Structures are given as C-alpha cells and as structure tokens.
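Q: Generate the whole structure from the sequences, applying the supplied hints.
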Amino acid sequence: MSTTAHPRIEQPRPMPTPPMVATIERRLLVNYRLDPDVARSMLPDGMRPQIVDDSAVAGVCLIRLRHLRPAILGRAEVGHTSENAAHRIAAEWDTPDGPRTGVYIPRRHSSSRLVRLVGGRIFPGTHAAARVHSATSDHRIEVKFDAVDLHVRVRVDPEPYADFDSGLFDSLTTASEFFRKDAEGWSPRRSGGLEGLRLDTDSWSVTHAGSPEVESSFFDALPAGAAVLDHVLLMRGVPARWTAAGGTARAA
Numbered sequence: 015m016s017t018t019a020h021p022r023i024e025q026p027r028p029m030p031t032p033p034m035v036a037t038i039e040r041r042l043l044v045n046y047r048l049d050p051d052v053a054r055s056m057l058p059d060g061m062r063p064q065i066v067d068d069s070a071v072a073g074v075c076l077i078r079l080r081h082l083r084p085a086i087l088g089r090a091e092v093g094h095t096s097e098n099a100a101h102r103i104a105a106e107w108d109t110p111d112g113p114r115t116g117v118y119i120p121r122r123h124s125s126s127r128l129v130r131l132v133g134g135r136i137f138p139g140t141h142a143a144a145r146v147h148s149a150t151s152d153h154r155i156e157v158k159f160d161a162v163d164l165h166v167r168v169r170v171d172p173e174p175y176a177d178f179d180s181g182l183f184d185s186l187t188t189a190s191e192f193f194r195k196d197a198e199g200w201s202p203r204r205s206g207g208l209e210g211l212r213l214d215t216d217s218w219s220v221t222h223a224g225s226p227e228v229e230s231s232f233f234d235a236l237p238a239g240a241a242v243l244d245h246v247l248l249m250r251g252v253p254a255r256w257t258a259a260g261g262t263a264r265a266a
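Our numbering puts the sequence shown at residues 15 to 266.
It cannot be assumed that every hint is accurate.
[Stated by the list, open to error] Lysine to aspartate or glutamate pairs mimicking EDC-like chemistry, simulated, CA-CA at most 16 Å apart:
id, residue 1, residue 2
1, K195, E106
2, K195, D214
3, K195, D216
4, K158, E229
5, K158, E106
No lab work stands behind these hints, which were simulated from the structure alone. Note that the structure is predicted; figures quoted are calculated from it, not measured.
A: Put into structure tokens, the structure is as follows:
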C-alpha cells in the first residue's frame, strides 16, 4: 500500500453544503490501541496511521444529537434527534501545504432515517441503518447499536474524579487535546472516493468515563491482540457545528 500519495481535494459540489448545528447530548469516545500494521491495512491509499507510543489509535464514537438543524435556524430549540455511531482511525496525510491530521471513518451507522437519507447526498457522511438502545442516568450510561453486520455495546459508570488510566496518553488533558485536534473525518462516498466532514465547537470538554464494559464486533473480529481497549471519554451538553471539509477527496 502506498504511503506517499495524498488524498486529492476535488471541487466542492455544485450545490453548497449547508452548515449544520446541534447539541451533543452525549458522546462516548471508545478508544483502542491498534497494531500499526493492522491500522495501515484499514486505511485508504494516501493515509497513514497516527502513532502514539508505538500504537495506532482507533475507536468508535457513539453520539446522541439533539436539535440537529441547518445553522441558518440559529439557536432555535427545534431540530432532529438521532443516535449515531462512527468507527474511526486516527490518520494523517500529506497535502501541498504540509501534513494534516484527522480521522478515517470506514463505517457510519444511524438510527435516524433522515440522517441516512441526507448523508452522502445533501451532506457528507453515508450511514447504514442500526437499531439503538440507550439508557442514561447520573451514575451509568449504556448504549447498544445493532445492525446487519455490526454489534456495539458500551456501558460506563462515569467517574469524573477517578484516576485517568491509559496506555496511550499520560493524562486526560493530553488525550483531550489529541482528539480535539482531529476535527476532520473522512469516509467513503456512495460513488467512490472520500468525503470529509468537520466538527467544530467553542465548548470542547471531555471527562473520564471510567469502568467501561465494551463489546465491538468491528474490533473483536481483528486478529487476536491487534486491538486493545484503552479508555473511554465522555462529552455532554456540547454545542457543535458541522461543515463539509474541503469538498471531496480521493487517493491521488
């Protein structure tokens, strides 16, 4: 697999993609230490894994959005609610302006018919269907995604004051900054190539989820020892904005 070619940014779609806003009601970032060679095999040509302490970084983002709507509607308390899952690999690639970092997202799932309808058509991000069960309290969060070819179950007991335990990062602050910098996510287009989506917020804040129980058919199917659960981060009540990331991309 080539590691010298870089994703070529094409011209944006003729119809501008409308920025979208929502409140991240709950976001679980379930993060794994991944064997670098396995990570390379999962990335498209032109991308390479980001390496932290001799490991690639991968995971699944389980996100519940409230009041999802076009940004033109401002802060109106209206919009759509959805549960979404994105499997991610922290990646980097070369551009004429130098290296850039983000995440490659091989799989996206959503409980929302609306999200599945517009994703990859009106707005970047093609989603497959999934059934979702979630339960949230002050002391426990459990989320389960089931699709034709996917099963994810995560249960955490939020412990904001517990010691942060990770083989990747030496502190919660270091972990938070690592994931904050990767605002762009690139995923396969319906018609081939890649399309990018950028998430921005002025209120980035994560806590240590603590005591995770995780099942993931995606990572469990990898060779034994290739993916090791490292930690889970939690975001709650964060306003966010999504925009298309530089039109579309494909390996050069």
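Q: None of the hints should be skipped; say for each whether it holds.
A: Each hint, compared with the structure:
no., hint, verdict
1, K195 - E106, "holds, 12 Å"
2, K195 - D214, "holds, 10 Å"
3, K195 - D216, "holds, 13 Å"
4, K158 - E229, "holds, 9 Å"
5, K158 - E106, "violated, 30 Å"
Comparing the model with each earlier hint shows a violation of hint 5 alone; every other hint is respected.
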